[in-house]
Amino acid sequence: MSDAERSELERAYFEDPRLFEQLVQAENELVDAYARELLPPERCERFERHYLTHPARRERARFARSLAAALESRGVPPAAAPARAEPFWRRLLGSLSRPKLAWAFSASLLLVCAVAVWFYTGAERRPREPAGAERATREPDGGESRRPVNDSGIETAREPEAVSAEKKKARPSPTPGAKAAPVVATLVLTAGGTRSAEAAPPAVLPLAASTEKVSLRLNLREADYRSYSAVLRRAGGGEVFSWRRVTPKAAKSGATITFAMPARRLTEGDYVLTLKGTGDAGEVEDVSVSLFSVERK
Amino acid sequence: MQAGLTADTFAGLLSRLDADRERAGEKYEDLRRTLIRFFEWRGAPFPEEHADEVLNRLARKLGEGVEIRNVRAFCHEVARLVLLESAKGRDGRTEPLESIKFEPAASPDGASEEAEKELGLACLEDCLRALPAESAGLILEYYRGGEGGQIERRKALAQRLGLRRDALANRVQRLRDKLERCVSDCLRKKGAV
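Residue numbers (this note's numbering), protein chains in the order written: chain A, 165 to 461; chain B, 49 to 241.
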């Protein structure tokens, strides 16, 4: 993270107390995972070498150990059972070695927090399903179609094909001179579930120079808010795009919301899509946060 | 009230934060907490002292009649300045940041590790007892594991308490901060830190 990005993140959390709370909670999750010995040895060693260099942070880790011990002494396991939590933190820390993220585990806790939030929230996916991307999409009639989807759950197609790949076969070839439909890349994400989701790398959205539109399809387990809105941000950075009053479409299991945007708004990097729901009383809550990376080809 | 502030200046700061005295106090604590973490995350050696310095400067500016439209944004800018001063050793009290080398915690041997763990646990139990029973129960319930997903469990807890999930998380976070301070003080008194 560059100085400018760090400053931007700081400005954002000063102005938005909710973001600040998310950062603090992400830090707690990291420290709790360490205290409960859920970090793999090499990550644990990194944590000790960098995070524990500050006296205040050492005290925080010590407190987390005491809290875990207090829960165990009462015969209740601490939250984040090892079998589930480890993959989450493996993702958190594993990502730090990804050169494109360039978020090496440095002495700056801010860095850790930014990444922690990024993964913390992104891990809120339904357990026991491929995190980040689903292999199949549902047609409006509820039937399940198997479209060519790459390992990241990406469908890339001209816009009409995004509606139905099969129909294209029966369609006559476009007449010469007719305007070609825009090239659309679709990324299917799954929202909801527990934050201790199973391990999986963040979804990757490869974008070719010819791609004109991006469609982010978010599958929800339930859609019980009065209305929804969403914001797409660069991880640790500013807002890229937002959508207001979006309406989910009912699916066979749960609902689906599709967010469309121009592909040119996405440069290479990591992104966080936050879905917010407005309840009947007007209260707004974060419903899910999904992460993905964009790779420009 | 912090050292270095007159009662009037402090009252002016509170009234700028909120017309309601109680809400102003909460906002003041929130702001101070944000500032402390800012300095801690930036690796500053004395986060609390730096945070208080920022609040002092804010209060003085308000006392001078300076109009500050966005208090939190203003505090961020002042915090960056204080951090810079600290890094350059200009505050006359702290060493330059680059001259301070925090060492990784020494790895205790098995026996002392066990003793340290027991001491930490004893302090935490004392601090939990010092909390209202409802608060102690809440923090233990929030962080417990067990059957079912964590989100679902916390959602159910929030519903039971009639709170929104983020309000519950914030309440627990404040309790955790309070407990952390209490345990640190306890360990310090027992000479373990």
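Everything labelled a hint here was simulated from the structure, so no lab data went into it.
Every residue gets a Cβ at the ideal spot worked out from N, C-alpha and C, and that includes glycine.
Be careful, since some hints might not be right.
Far from chain B by the CB rule (all over 12 Å, computed), these chain A residues [claimed, not checked]: (1) 186; (2) 187; (3) 228; (4) 237; (5) 393; (6) 407; (7) 409; (8) 413; (9) 414; (10) 431; (11) 457.
Residues from chain A shown here face chain B by an in silico Cβ test under 8 Å; the list is partial [what the hints assert, rightly or not]: (12) 169; (13) 172; (14) 175; (15) 183; (16) 423.
Evaluation of the provided hints:
1. Its beta-carbon lying about 9 Å from the closest one in chain B, residue 186 of chain A breaks the requirement of being farther than 12 Å from that chain.
2. The claim that residue 187 of chain A is not at the interface with chain B is violated, since a C-beta of that chain comes within 12 Å of its own (minimum 8 Å).
3. Here residue 228 of chain A does not stay apart from chain B, with its beta-carbon only about 9 Å from theirs, under the 12 Å limit.
4. Distance check for residue 237 of chain A against chain B: the nearest CB is about 7 Å away, which does not clear 12 Å, and the non-interface claim fails.
5. Distance check for residue 393 of chain A against chain B: the nearest CB is about 16 Å away, which clears 12 Å, and the non-interface claim stands.
6. No Cβ of chain B comes within 12 Å of the Cβ of residue 407 of chain A; the nearest lies about 21 Å off, and the non-interface call holds.
7. With 12 Å as the threshold on Cβ separation, the claim that residue 409 of chain A sits away from chain B holds: the shortest Cβ distance comes to roughly 21 Å.
8. With a least CB separation of 24 Å from chain B, residue 413 of chain A remains clear of the 12 Å interface cut-off, as annotated.
9. The beta carbon of residue 414 of chain A sits about 22 Å from the closest Cβ of chain B, which is more than 12 Å, so the claim that it is off the interface holds.
10. For residue 431 of chain A, the shortest C-beta to C-beta distance to chain B comes to about 26 Å, beyond the 12 Å cut-off, and the non-interface label holds.
11. Distance check for residue 457 of chain A against chain B: the nearest CB is about 24 Å away, which clears 12 Å, and the non-interface claim stands.
12. For residue 169 of chain A, the suggested interface contact is broken, since its CB lies about 14 Å from the closest CB of chain B, more than 8 Å.
13. Because the smallest distance between the Cβ of residue 172 of chain A and any Cβ of chain B comes to about 11 Å, over 8 Å, the interface hint for this residue is violated.
14. For residue 175 of chain A, the interface hint holds, the least distance from its beta-carbon to any beta-carbon of chain B being 6 Å, beneath 8 Å.
15. A least Cβ separation of about 10 Å between residue 183 of chain A and chain B goes past the 8 Å threshold, and the interface hint is therefore violated.
16. For the restraint placing residue 423 of chain A at the interface with chain B, the shortest Cβ-Cβ distance is roughly 23 Å, beyond the 8 Å limit, so the hint is violated.
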